[in-house]
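Chemist: Just so you know, the protein sequences line up as chains A and B, in that order. Take the first sequence: its position 20, counting from 1, is numbered 20 in the numbering used here, and each next residue is one higher. Take the second sequence: its position 50, counting from 1, is numbered 50 in the numbering used here, and each next residue is one higher.
Certain hints may be false.
What the hints assert, rightly or not - Computed from the model, here is a short list of chain B residues facing chain A with C-beta under 7 Å:
{"#": "1", "residue": "Phe-17"}
{"#": "2", "residue": "Gly-47"}
{"#": "3", "residue": "Leu-50"}
{"#": "4", "residue": "Phe-93"}
{"#": "5", "residue": "Glu-97"}
{"#": "6", "residue": "Pro-112"}
To be clear, the hints were calculated from the coordinates, so they are not data collected in a lab. Note that the coordinates shown come from a computational prediction; the quantities given were computed from them, not determined experimentally. Glycine included, each C-beta is placed from N, C-alpha and C at the ideal position.
Spelled out, the chains give:
Number of protein chains: 2
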Amino acid sequence: MTGKVTIAGLGPGADAFITPSVAEAVSHATDVIGYIPYVKRITPRDGLTLHASDNRVERERAAHALDLAADGKQVVVVSSGDPGVFAMAAAIFEVLEENLDKWGHIDIEVLPGITAMLAAAARAGAPLGHDFCTINLSDNLKPWKVIEKRLRLAAEADFAMAFYNPRSKSRPEGFEKALILLKSICGDNRPVIFARAVSTSEETLRTVPLQDTSADMADMRTVVIVGSSQTRTINTKAGAWVYTPRTYG
Amino acid sequence: MTGKVTIAGLGPGADAFITPSVAEAVSHATDVIGYIPYVKRITPRDGLTLHASDNRVERERAAHALDLAADGKQVVVVSSGDPGVFAMAAAIFEVLEENLDKWGHIDIEVLPGITAMLAAAARAGAPLGHDFCTINLSDNLKPWKVIEKRLRLAAEADFAMAFYNPRSKSRPEGFEKALILLKSICGDNRPVIFARAVSTSEETLRTVPLQDTSADMADMRTVVIVGSSQTRTINTKAGAWVYTPRTYG
Chain A
1 MTGKVTIAGL
11 GPGADAFITP
21 SVAEAVSHAT
31 DVIGYIPYVK
41 RITPRDGLTL
51 HASDNRVERE
61 RAAHALDLAA
71 DGKQVVVVSS
81 GDPGVFAMAA
91 AIFEVLEENL
101 DKWGHIDIEV
111 LPGITAMLAA
121 AARAGAPLGH
131 DFCTINLSDN
141 LKPWKVIEKR
151 LRLAAEADFA
161 MAFYNPRSKS
171 RPEGFEKALI
181 LLKSICGDNR
191 PVIFARAVST
201 SEETLRTVPL
211 QDTSADMADM
221 RTVVIVGSSQ
231 TRTINTKAGA
241 WVYTPRTYG
Chain B
1 MTGKVTIAGL
11 GPGADAFITP
21 SVAEAVSHAT
31 DVIGYIPYVK
41 RITPRDGLTL
51 HASDNRVERE
61 RAAHALDLAA
71 DGKQVVVVSS
81 GDPGVFAMAA
91 AIFEVLEENL
101 DKWGHIDIEV
111 LPGITAMLAA
121 AARAGAPLGH
131 DFCTINLSDN
141 LKPWKVIEKR
151 LRLAAEADFA
161 MAFYNPRSKS
171 RPEGFEKALI
181 LLKSICGDNR
191 PVIFARAVST
201 SEETLRTVPL
211 QDTSADMADM
221 RTVVIVGSSQ
231 TRTINTKAGA
241 WVYTPRTYG
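Could you put together the complete structure from these sequences and hints?
Modeler: Now the structure itself:
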């Protein structure tokens, strides 16, 4: 039997956000591989082996998936959100490229998912309704000065911005520096959305004017969306919404 | 009965990319409203009225949805992809804000979908695996000089870039100008992905080095992804992949 690696996005948390395409792939898998909390979302069944591994072992996990597929397994690598946005898909192609002789014959498919910023944006309204950028604020894999440069240029371009991995215990200071920088450049009331664990039972959503933000409003389960200069907040009898109009200037 | 407007994303085309959350909302709707080809994707049934309207009448469609909900209807506004990315969600909040007295009591919910760039990226590999930006290349609602400025700054930030609405019959020249500008700034081999009608029977996917691109490679059903300086192409026995590594510099 020919093996295959399917790299699938489970969406931000709720099963109602898992596409039928991903559910189908999982239902045919012999092996599911991923970070512990994502593998926990998969229902065990006969014939399916679950391989849960810790964070920060993406390369080892990728090699494991390719090895299993080389042995003829139907492997599904599960990511939260979309596997192509700061998740497992790039890690697998990195590892694949380093050993094409060994793994180049393996069939690979990437199945998209609802990425955190889109789930967060939907809860808040439509803050990404105009041009935007998406930045991983972790400096584990890139120098902080690259992040800082991108923040400056993104503000100059007047993009709305979505930040992944804004802050973790091992990197408490980066997001604080990012907020100080944005306050100095944007210097206005623009809305900042802190969306944590969207679509799970622990979901929280908070919108704060930029000048009132502080770093402790985010953790590693938070996606942060900073509005552009055009982003608006409206309060209705039924709720509060943040949106960026389609028209600019 | 209290009315509601649910703004739902149908994903890029295949039913397998429609989330259970959106399918559920459609199954309870009394009225579905949207652009003709998106409403065609909804199966008619007793008790459901389908309202299909032409392109470029987003404001009228939004007002119609809010009026129906004010009359107690369960209205689902359908967008292709994700409703918050260059689609109906922002249009509805724009129109809502202009008449809060009339519509401010209406319950609104936005349900995310698989947006075109993520479906396209998944087919190509993982070109959006590092920081990226998302730009609507239509100058219907913003001046071309804003688009040009954003392209320059995005290239300077070394973002991968996803372009929506790159080219239409009424705007044949914008995408050509964008390509000329990018060739002059990026001046290298970076891969450009033209993904058309992803997940439909008419899907095409083509990756071309920037210097070999031409405007006629895109139309209004194409999403275009331009790699960053780090984006790589790999050819395996099983296929060709484009990905952007997680590590930078």
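Chemist: Is the shortest C-beta separation between B/Gly-47 and chain A less than 7 Å?
Modeler: The hint is violated - B/Gly-47 has no Cβ within 7 Å of chain A, the shortest such distance being about 23 Å.
Chemist: Taking the closest Cβ pair, is B/Leu-50 under 7 Å from chain A?
Modeler: Check failed: Cβ of B/Leu-50 comes no nearer than 22 Å to chain A, outside 7 Å.
Chemist: Taking the closest Cβ pair, is B/Phe-93 under 7 Å from chain A?
Modeler: With Cβ-Cβ at 4 Å, under 7 Å, it holds.
Chemist: Identify whether the interface hint at B/Pro-112 stands, where standing means a beta carbon of chain A within less than 7 Å of its own.
Modeler: holds (4 Å)
Chemist: Minimum Cβ distance from B/Glu-97 to chain A below 7 Å?
Modeler: Where the cut-off is 7 Å and the nearest Cβ of chain A is about 5 Å from B/Glu-97, the hint holds.
Chemist: For the restraint on B/Phe-17, tell me whether the closest CB of chain A is nearer than 7 Å.
Modeler: Holds: closest Cβ of chain A sits about 5 Å from B/Phe-17, inside 7 Å.
Violation of the numbered hints given earlier is confined to hints 2 and 3; the remaining hints are satisfied by the structure.
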